[in-house]
Amino acid sequence: MRKEEHITGRQLISLTVMAQLGTEVLSLPHVGATTAGHDTWIAVLLSGMAAQLGIILIWWLGSHYPKRNFYAYTSQIVGKPIGILINLIYGTYYAFSGLLITALYTDILKRWMFSLTPRWLILLMLLIICGYAATSTLKKLAYISQSFMLFPVICFLLIAFSGVYGFDAKNLLPIVSDGWSPILKGIYAAYSAYIGYDLLLYAYPYVQTQSKKKLLWTMSIANACTIVFYVVVCLVCSTMFSLKQLIVIPEPIVFILKNYKVQILQSVDILFLIFYVSVVAATVYVYFFMAAKAFMHLRSGGMGKQHIWVWVIVCACFIAGFFMTKRNDLLQVAAFQDQLSIFLVVGLPVILLIISGLRGAGRRGV
Amino acid sequence: MAKEEKRVDPSVAVTEHYFKQLFADQSDFQSKQLFIGGIEYRLFYFDTLIDSSLIQEFILRPLLSRPQEAVRDVVSILDFAETELFDEAVHAVISGKTVLHRNGENRLYLLGADLKKERSINIPTNERILRGANEAFIENLDTNLNLMRKLIASKELIVKTYTIGKLSQTKIAVMYIKSIADSSIIDKLDQRLKSIDIDYVEAPGFIDELIREKKFSLFPQLLITERPDRARAYLMEGKVVVSTAGSPDTIILPVTFWSFFQSPDDYHSSWLVGSTFRLLRLFCFLITIGLPAFYVSVSSFNPQLLPINFVNTLQSSLKYVTFPPFVETISMMLLLEILREATIRLASPVGQTIGVVGGIVIGTVVVQSNLVSNTMVIVAALTGLASFVIPSYEMSSAVRLLSYPAILLSSFFGLLGLAIFFMFICIFLCQMSTMGVPYFTPPFSIKDTKDTLLRAPVWSIRNRPAETAPHNQTRLRRPRSWKR
Numbered sequence: 001m002r003k004e005e006h007i008t009g010r011q012l013i014s015l016t017v018m019a020q021l022g023t024e025v026l027s028l029p030h031v032g033a034t035t036a037g038h039d040t041w042i043a044v045l046l047s048g049m050a051a052q053l054g055i056i057l058i059w060w061l062g063s064h065y066p067k068r069n070f071y072a073y074t075s076q077i078v079g080k081p082i083g084i085l086i087n088l089i090y091g092t093y094y095a096f097s098g099l100l101i102t103a104l105y106t107d108i109l110k111r112w113m114f115s116l117t118p119r120w121l122i123l124l125m126l127l128i129i130c131g132y133a134a135t136s137t138l139k140k141l142a143y144i145s146q147s148f149m150l151f152p153v154i155c156f157l158l159i160a161f162s163g164v165y166g167f168d169a170k171n172l173l174p175i176v177s178d179g180w181s182p183i184l185k186g187i188y189a190a191y192s193a194y195i196g197y198d199l200l201l202y203a204y205p206y207v208q209t210q211s212k213k214k215l216l217w218t219m220s221i222a223n224a225c226t227i228v229f230y231v232v233v234c235l236v237c238s239t240m241f242s243l244k245q246l247i248v249i250p251e252p253i254v255f256i257l258k259n260y261k262v263q264i265l266q267s268v269d270i271l272f273l274i275f276y277v278s279v280v281a282a283t284v285y286v287y288f289f290m291a292a293k294a295f296m297h298l299r300s301g302g303m304g305k306q307h308i309w310v311w312v313i314v315c316a317c318f319i320a321g322f323f324m325t326k327r328n329d330l331l332q333v334a335a336f337q338d339q340l341s342i343f344l345v346v347g348l349p350v351i352l353l354i355i356s357g358l359r360g361a362g363r364r365g366v
Numbered sequence: 001m002a003k004e005e006k007r008v009d010p011s012v013a014v015t016e017h018y019f020k021q022l023f024a025d026q027s028d029f030q031s032k033q034l035f036i037g038g039i040e041y042r043l044f045y046f047d048t049l050i051d052s053s054l055i056q057e058f059i060l061r062p063l064l065s066r067p068q069e070a071v072r073d074v075v076s077i078l079d080f081a082e083t084e085l086f087d088e089a090v091h092a093v094i095s096g097k098t099v100l101h102r103n104g105e106n107r108l109y110l111l112g113a114d115l116k117k118e119r120s121i122n123i124p125t126n127e128r129i130l131r132g133a134n135e136a137f138i139e140n141l142d143t144n145l146n147l148m149r150k151l152i153a154s155k156e157l158i159v160k161t162y163t164i165g166k167l168s169q170t171k172i173a174v175m176y177i178k179s180i181a182d183s184s185i186i187d188k189l190d191q192r193l194k195s196i197d198i199d200y201v202e203a204p205g206f207i208d209e210l211i212r213e214k215k216f217s218l219f220p221q222l223l224i225t226e227r228p229d230r231a232r233a234y235l236m237e238g239k240v241v242v243s244t245a246g247s248p249d250t251i252i253l254p255v256t257f258w259s260f261f262q263s264p265d266d267y268h269s270s271w272l273v274g275s276t277f278r279l280l281r282l283f284c285f286l287i288t289i290g291l292p293a294f295y296v297s298v299s300s301f302n303p304q305l306l307p308i309n310f311v312n313t314l315q316s317s318l319k320y321v322t323f324p325p326f327v328e329t330i331s332m333m334l335l336l337e338i339l340r341e342a343t344i345r346l347a348s349p350v351g352q353t354i355g356v357v358g359g360i361v362i363g364t365v366v367v368q369s370n371l372v373s374n375t376m377v378i379v380a381a382l383t384g385l386a387s388f389v390i391p392s393y394e395m396s397s398a399v400r401l402l403s404y405p406a407i408l409l410s411s412f413f414g415l416l417g418l419a420i421f422f423m424f425i426c427i428f429l430c431q432m433s434t435m436g437v438p439y440f441t442p443p444f445s446i447k448d449t450k451d452t453l454l455r456a457p458v459w460s461i462r463n464r465p466a467e468t469a470p471h472n473q474t475r476l477r478r479p480r481s482w483k484r
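Quick note, the sequences are listed as chains A and B, same order. Counting from 1, one number per residue, gives the positions in the first sequence under this note's numbering. Counting from 1, one number per residue, gives the positions in the second sequence under this note's numbering.
Only chain A is shown next, with the shape it has when bound in the complex:
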């Protein structure tokens, strides 16, 4: 196996932020509106706090094994056969998530721009570019994410300043009108938007920071950036549209961007949707990368080469893509993936942490 090069804290921030931001920026206000109503932004904010707990959890787990990545220490915690099974599950999960995000974005593109282009062609193109990026090392991946960081920044500014065209703050009121239960549901719905910080599972041993605390701090900054991005998006959408409108519109951000009237550009929304491909790709290639690494760790000495695994995953995803064409199917699969990701990103690490704690305690007893 190739030895992984170290990355800096700064690089970790951009990798994490780019992995967290995905198609959710477009759909979150709509999804939030159907569950949490006016209080989407509170739900999203709290959800980000919950994600912070998730980060601490993974960081804690990682700090038990500071020299190894997640896939290498699973079998150390639960023994070889189960460890391999866990790696297999993670690999499949990441490949599947990558495919799902690509399919969702393809769906958006197809509805907004490419009504005549065959779906598989767009999907194939996106998968190839993500697969190509995923063949690189963690450090190179960080460079790529850093370069793509430009687009979320531009997107954020565009969204934040769209408020100049008039908004209605009354739409936010009343706060917490229906009690906390819709907000709790909203937190659950929004949590999947923060998934991506689980990159730390793999990246933990390769980050060059002065101390473990500093690493946690770095991750928190990344998470905070994502929280700000999402909360601003939700606030802008909630103030610009009424609740009734938000429930009907699946991608409110695009409509808001349509508002921009610049002399030289007629539709900023088209540009936004197109350049958003870099943000989506940054999530997907991290997932493919994680998947390939998981498959490589099926054997402790390393199994296969990274780029071969990546291209195998891309081929599998492309074939599977033919079975996910209808929007309703996609949304159902996405709902399933939300549950799965909460189990794998939060549940399983908790279990592993407990087991490793127990065994560690047992060892200390001896």
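Certain hints may be false.
To be verified - DEER-style ranges, computed between Cβ atoms:
| hint | chain 1 | residue 1 | chain 2 | residue 2 | range |
| --- | --- | --- | --- | --- | --- |
| 1 | A | I128 | B | G436 | 24 to 34 Å |
| 2 | A | I342 | B | L334 | 33 to 43 Å |
| 3 | A | G163 | B | R475 | 42 to 52 Å |
| 4 | A | I319 | B | I338 | 57 to 67 Å |
Derived by calculation from the structure, the hints in this document are not laboratory data. In this text, a Cβ means the ideal position worked out from N, Cα and C, and glycines have one as well.
Chain A is already provided as a structure; the job is to place chain B on it using the hints.
The following block gives chain B in isolation, referenced to the frame of chain A:
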């Protein structure tokens, strides 16, 4: 050593026989017989390689005047060597030295009286600048080394020579600053240069392709320059300069993507002006890749992107054009490339006609006859101009070639294709590395932008780039301390 080394025999006749046999077919090989003071001498040389007046003046005359003394004391030539091996003598004769043998001595004298034919140092023709030094390297390696030594009068400047080319025996000089350069890079280069086993070297092309990291990359991985001042600037960053005999182009490595957008002019003008021009060059890089593709996608895919008035203008110019924008763009871009190639190859007096043919005949008539739209001509001209703004010829050609796949992708997917293509380039650049140094690092902090995206003021660039000069970073101490 497997081969038996033949030693020199005291008798001149044996030596003469040996040389005569070896150079039997060479009509310019000469063996001159001399008797001075009763001792028999032989001079062996190629009369096409030596300077006969030098031999007269500094070898024959001293020998005649003081025949009894030892040769080493008599001959007043600085480039003087002795050998007892025939192989060395043969090599010396071929490379232009004169070999002297005194009867009765079992050694040969190798005297450097070779004819020096070189052109004078000219002003750079391919890298023009407004301010700063106007010297360019020439084909003679010694002159080039002399230029560099004069620019950096320090014992830290190390010049290592290699001989590459089994037949051509081309001399290659590797220069670096000992206290700055990273030794691992030097070792890597040393290993790669030594691995070259080829009949002859065509510099810089052969060396470039034999030592570069990524075999199939379109982007240049070595910077080629003919300017000593530029070479010096990079030496001071810890980079290595490779100069080859017979070529005025020197290679600088390892370079990053940003080096191809730096020009010596940046450092001679105000830093604000320099930064603006640097940004302009990067913008031109994007234009060259993207503008034709953008035209294709806007005119055939996403016309809704632009304001309605502009789209109307565009469509009206496209109204009578029969070909689809894709064909129109590809043909105009090809035309541009043909014009460029023709201008380089044509003799300079005829070159004027190119302007007339290219500019007036093709530019105007093509539009009047509705083969290509007005807008397309503007796009093609702008793309061509933008590509020539990039200071490195290698980079600008690479970038111009990149516009073709961009056009193709745009004709399939419109702007999305263009965005994907830019992402592809970005990923490709990020994955590349030269000599273990990452080729493209996104400028993510102010420190990183200092001499990449921008040309920061001289007093603020206190450190050298960390990738090539990891151990000795400080390049400026106490800037502007007179003010305090």
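C-beta pair A/I342, B/L334: status relative to the range 33 to 43 Å that was hinted: The hint (33 to 43 Å, Cβ to Cβ) is violated, given that A/I342 and B/L334 are roughly 55 Å apart.
Verdict for A/I128, B/G436 (Cβ pair) under range 24 to 34 Å: The hint (24 to 34 Å, Cβ to Cβ) holds, given that A/I128 and B/G436 are roughly 28 Å apart.
How does the Cβ-Cβ distance of A/G163 and B/R475 compare with 42 to 52 Å: does it lie in that range? Given a distance of about 46 Å, which is inside 42 to 52 Å, the answer is holds.
Cβ distance range 57 to 67 Å for A/I319 and B/I338, holds or violated: Violated, at about 44 Å.
Hint compliance for this structure: hints 2 and 4 are not met, and every other hint is.
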